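S.K.: Residue-level listing of the chains:
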Amino acid sequence: MQIDLRTVAIKPVRQTFDNIARRFGDKPASRYQEGTYDVQQTDIFHYRPMWEPEFELFDERRTAIRMKDWYALKDPRQFYYGAYTIARSRQQDAAEANFDMIEERGLADLLPAELRQTALDLLVPLRHAEWGGNMNNSFIAAYGYGTAITQPCLYHAMDHLGVAQYLTRVGLELQGPKALDDAKASWMNAPLWQPLRRYIENTLVVRDWFETFVAQNLVLEGLVYPLIFDRLDGEFSAKGGTPISMMTRFMGEWSVETAKWIDAQIKVAAAESPDNKALLNKWLAQYRGAALEAIAPLAERAFGADAEATLTDLTNEFNSRCAKQGLSV
Amino acid sequence: MDMKATKKKLGLKEKYAHMTRGLGWETTYQPMDAVFPYAKFEGIKIHDWERWEDPFRLTMDAYWKYQAEKERKLYAVLDAFAQNNGHLSITDARYLNAIKLFLCGISPLEYVAHRGFAAAGRNFPGVGPRIACLMQSLDEIRHAQTQIHALSNYNKYYDGFHDFKHMLERVWYLSVPKSFFDDAYSAGPFEWMIAIGFSFEYVLTNLLFVPFMSGAAYNGDMATVTFGFSAQSDEARHMTLGLECIKFMLEQDPDNLPIVQKWIDKWAWRGIRVLTLVGMMMDYMLPKRVMSWKEAWEIYFEQNGGALFNDLARYGIKMPDCVKQCTVDKEHISHQAWATFYQYGGAAAFHTWSPTDEEMDWLSAKYPNTFDKYYRPRFTYWREQAEKGNRFYSNTLPMLCQVCQIPMVFTEPDDPTQICYRESEFKGEKFHTCSDGCKHIFDDEPEKYVQSWLPVHQIYQGNCFTPSANPADPAFDPMLEVLKFYNFNLGHDNMDYEGSRDQQNFNTWRGLATKNV
Ligand SMILES: [Fe+2]
Ligand SMILES: [Fe+2]
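Chains A and B are the protein sequences, given in the same order.
Here the numbering used here is used: position 49 in the first sequence is 49, and no number is missing along the way.
Counting from 1 along the second sequence, just add 1000 to a position and that's the residue number in the numbering used here.
Just so you know, these hints were derived from the structure itself, not from any lab.
Heads up, some of the hints might be wrong.
[To be verified] Below 25 Å or equal to it, Euclidean Cα-Cα: the simulated SDA-like pairs (lysine to any residue) are:
| # | chain 1 | residue 1 | chain 2 | residue 2 |
| --- | --- | --- | --- | --- |
| 1 | A | K178 | B | R1021 |
| 2 | A | K178 | B | D1054 |
| 3 | A | K184 | B | S1233 |
| 4 | A | K27 | B | N1489 |
| 5 | B | K1015 | A | S245 |
| 6 | B | K1448 | B | N1489 |
| 7 | B | K1070 | A | G176 |
| 8 | B | K1040 | A | V206 |
| 9 | A | K184 | B | G1126 |
| 10 | B | K1070 | A | D93 |
| 11 | A | K184 | B | Y1016 |
| 12 | B | K1324 | B | N1369 |
| 13 | B | K1015 | A | A94 |
| 14 | B | K1015 | A | G176 |
| 15 | B | K1040 | A | E201 |
| 16 | B | K1484 | A | V206 |
| 17 | B | K1065 | A | V256 |
| 18 | B | K1065 | A | A94 |
| 19 | A | K11 | B | L1512 |
| 20 | B | K1073 | B | S1233 |
| 21 | A | K27 | B | V1077 |
| 22 | A | K260 | B | K1065 |
| 23 | B | K1070 | A | A29 |
| 24 | A | K178 | B | A1017 |
| 25 | B | K1484 | A | R14 |
| 26 | B | K1065 | A | A259 |
| 27 | B | K1156 | A | V8 |
| 28 | B | K1013 | A | L120 |
Note that the structure is a prediction, hence the values are computed from the model and not measured.
Excised from the complex, chain B in its bound form (with noise of 0.2 Å):
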């Protein structure tokens, strides 16, 4: 037998197939649907699995190749920064905080996100989409780890990193982040690669890490900047993996289209409620500006978004509804949210302050409608205050959303002076939200969302508090107990930046770099 011409060259996109379609089977000897329990329950139909298009073509070789040298280079850049003192390049300590909040706030999710892929790499019964998931279940738990290593050296000087997973389950502003990824998780896994594949990795991820990332490499932080550069590969096969997914699932079924729809509004509006906080982030705590928030949600959303509405609108999907209300938001949010944190910054895990004024102009300037009418007032007034000694710490708790968690902090629409409360009532109780966006998540699934854990009325129940605590003691201080069940370095890591140790720290380090002793 002549072997030369049974084995004839393999295009690429065949080798491919070979190396994975193929490998899959339909079970015999167990129901396919007990192979796959969770592939039907959430409505979605799926005809013929073999449709999927694989977004890129990776064999397991590969991918050990390609990432192995990647990690070799990132872990190079880390070692050099530590063993140079890589801490003390940065334009000023301040800028740490946006970096804790990272850590406590996004870094553990990542770890969900490698969780959940894996459970979706199980779960789907087409071979495609499952080796797809696996491979970013791989990368999530790169993007953990090379976070938590790149940010370690930070913690041996700095405050506010020393605990992230212990904070990110306990603290009242991190149950933002958390609980949005326990929605997701808890969810089907289609909802789970809308929620998170699409919505998340596609449509809003450019919000999230190019801020944080060209924060980092206007402020000279090479740790943030190491590991954000080498995951954007990593993030690119990510995004054409959340856009297959949403075009096979339209293309398979028209019934589809609106469950696909309500998960795109609904995880459109749970991932804008995050990104509040790298709003303020972008506009507060960069010593050293990027963009405003304003302008990234011009760019990022309304033109990037835009254009790949506009592309989905053949399968009959729209803009999600909320994306109106945003419009308003956009000139808003971050102020807001910067004023809660400066008034709860007794609460917080990273330190707070006043914006000096030329960053009050700078904000003027970006926020011409809005600024100055509506905000600059009040954070000149606790500057005032500050000054004579008075730092304004908020020592009530605010009321959470039920859906979003934010505090009940946000405008209505259509006047930027009147707080806004929606009110749903399920099986006899009232439960409150945030905004028209909320209500409507929550009015969708109530059975869920009643479910919530909010921090607020954890403590009102007196359900943070470290097992020493005493309520019956006269002395007992109901707040600083929370503080220490959040174990929370009492002083160091929270309160306002002007006179913490962190402030202390960098600036003595810095001067012993730079002067003569």
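Okay, chain A solo, but in the shape it has when bound (with noise of 0.2 Å):
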């Protein structure tokens, strides 16, 4: 017999879990809620990690900022893996189609030689500094506290190593493997690179994962993201460069999106306490100055006797960006 149990009405005993009902109440919760609030053990562990056994497992003093509630720190995207996924998905099909077209009609062997060689010079080598991103992030998500912000680290490193592979699949599509081999050289060795990969060496042996947040996430990604994936691409587009744009729009848009969730992030811990706002203040100070250095010379590759005015263009956006997350600029 075919029972149908959709006539059924049933009152459910409870609406969620108790760890969301003590924090919203006994009513229908999100998946984004359910699978991210209290995830992550915070009570009682075995054992002390052989690593670092001056701390437990997870635990709250890895970093020298202090929240209340690890979980104001949540994500204004909501991303629980399953919303996560089909978001980049979306946004890769739209990439793929971009870079479809481009090996279709051969639309690379188009481009002005001047453009090409701007693109290799300054896109390919920056796969490396995503790789650092990458690494920056899942340390974040290894030893930070919390699962609303542990979780989109690690979304968050795995988009880098998808920016890492665009940028690879643009050398490879301007020059085959050569332009991969060229760009590691300039790498580890060109003038033009060296400021960049010291900021990012220094940045891996960053034992304060909130600090890492901020010098990675907020000030290198707040300055490189604009100087390389708007005003650069901006040069791109309006010199005939159209499909040096298209096979980097996924960074454009990734960028507007994750500074979001990244201010969100800054705003909810300034506010917390003074004590807080002071360090994020002091970071940001050091960070920032650090990570100017370190990408004049490619400001300078890209826009030459412009570079000064961009980068000082940049730097009023990024403070003004900085001072709405209650920062002192």
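Two chains, two frames, some hints: make the complex.
M.R.: Here is the structure:
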């Protein structure tokens, strides 16, 4: 006998899990909420980590930032795994269509030589910097505190890998594997890239994960992405380099989306206490100076005589963005 | 310049190598040892990370595409399940107790796996293994979340699901799986890979997931079947990663062999002890049985695992010693575990019950050497007592093994009537373990296992009461206070299935669906 169970109206005993009800009341909860809040263990660990016996396995003392509730650092995009992968798969469909079109019509071959060289010099070595972004964010995903912030950091780490791979394809598209070898050599030795490589290597040894978040996600991305995927991209489009813009559209959109999430973290952490705010201000000043030095040669290569004006412009925009999150600039 | 000529078509392997390997570099502004501080302390020697063979070649864009497709399908099924009262399709609400154990004991560990693989994905100096670990980290948060989302609907209607993270941290039997993962995550990245990547994901995974997923399929649980089925292709990737990892370590340096062998021995035994809960689930908790624990052990460990270890023999790896004891244990542990939970059913967040005659006959047939001889009389006696209104609940607290944290209920390998105890000494103090396997693990790293947060010891030390508890009050009932500390809904989460709210509700709701009113 086929039973039609749909016909039965049943009153649930409860609407959600207790930890969610304790926060929001016993009412239907979203998948983001049930999949995120309190999912990380907080109490009672059996053994101290052999690799860091001064801390518990998950321990809020791994950063100097203090929060009464780490789940205040929520993701405005409400990304749980399903929402995240579905959002990215749509974007990758668009990116794939762009790469297909460039390949089918041989558009890369039609690029003006000068623009092609600029792309090879500036976009392809950047794949290594993106890999640094992956490492910094996987560090936070591993050692951060509270799923609200560690979860999107893993997504962010994987996004950086995705970007590094799109940049790899730009190199392959423009010149084949040689582009990658040249870019690596340039990343390792060319004066153009040494300041940025030094900045990134310095962030890779930072032990306070919130400091890593500021150095990598707020400051470095907040300056590099507008420089390369907005300003330089504008140059490409204006001078007949639309195929290059097509290959990097993902990055442009992605940085706008992720900046909103990054801002939300900074804003909430800064509003939590004067101590937090002072610390964030200190990190901001320290890393902004270092990052501007690190990207100066790139701006020079991209904009020549206009480099300084472009950087001043970017810095002003970046400062006003930080001011909106409650930081002093 | 002719671009066409330089842009020759790349093979898949070559293309993937460009997409991954080339990304990393030898740092010079900071020493590599500072960038990768946990790569050496375990003593594993790696000479050339470039020799790592990528076990699967998945670029990020392909990952997003495949996984999003799976997520769309999975959530469509879960939505339909919720809309159509899918929970009433299960064989019987008794079944859900297996799933409560899963949500409280397994799903939060998927989450720890996610964090542990994120750490491994940061800590290895090689790019290839790092990317593979990061993808697994991403998969593991998927597993935690899809499980929580799938079982969220049961939580709305049934008891015992409602505070799984809180319970995992505190409840006595949940410290068994919790301490297992704490143990792995507190070790270094290489041991983590042997513990979770190899032993758990490769050697033991079939003994965990196949029983739960086929149990779900046999018992009409579409929610569990859906997330289980959807996770299969992830698991296939995890297995190849685990195997590649162990081969890579063994190929890199002969000095790695004894370390790897020691870890395999340890993690096989740790894992097998945790699987006791699965054995009990298979033999006692499924209204419709799939196969016995003993059969599962024979197929998935003795046959499949045997083939695996034959394959690894060329590296010098031997089958763990503890397997000899498992051949004896497979006849006993599920019965001993269910008997324990039956007695401590007042302190468990799922229901327990006496097996029916039919079920006991099934057990006799599956365990001809042991069930009738050692266990049927006990269950029969308890059932008779329950029928007379004397359902037996133990009020004493059992002693726990210092390593696996299971109560001391297992018997001597050569005498199933004698409880097995082992004793070690460390810094003048005595510590007790349940078996030679656990004693061996303790003796090798006593400084680690003396730290164990043993739930029973903690109760005795007064660490398991809520802040409002008042031991000076004459009416103070310590056991009751402990259950409050666990956040049990007393009388609903615990005690016998017979007469439970789950039983009543399920029967009423099913009645509404199947009868005319
Ligand atoms: Fe998993
Ligand atoms: Fe044990």
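S.K.: Hints the structure violates: just list their numbers, smallest first.
M.R.: Of the numbered hints given earlier, those the structure breaks are 3, 6, 7 and 16, listed in rising order.
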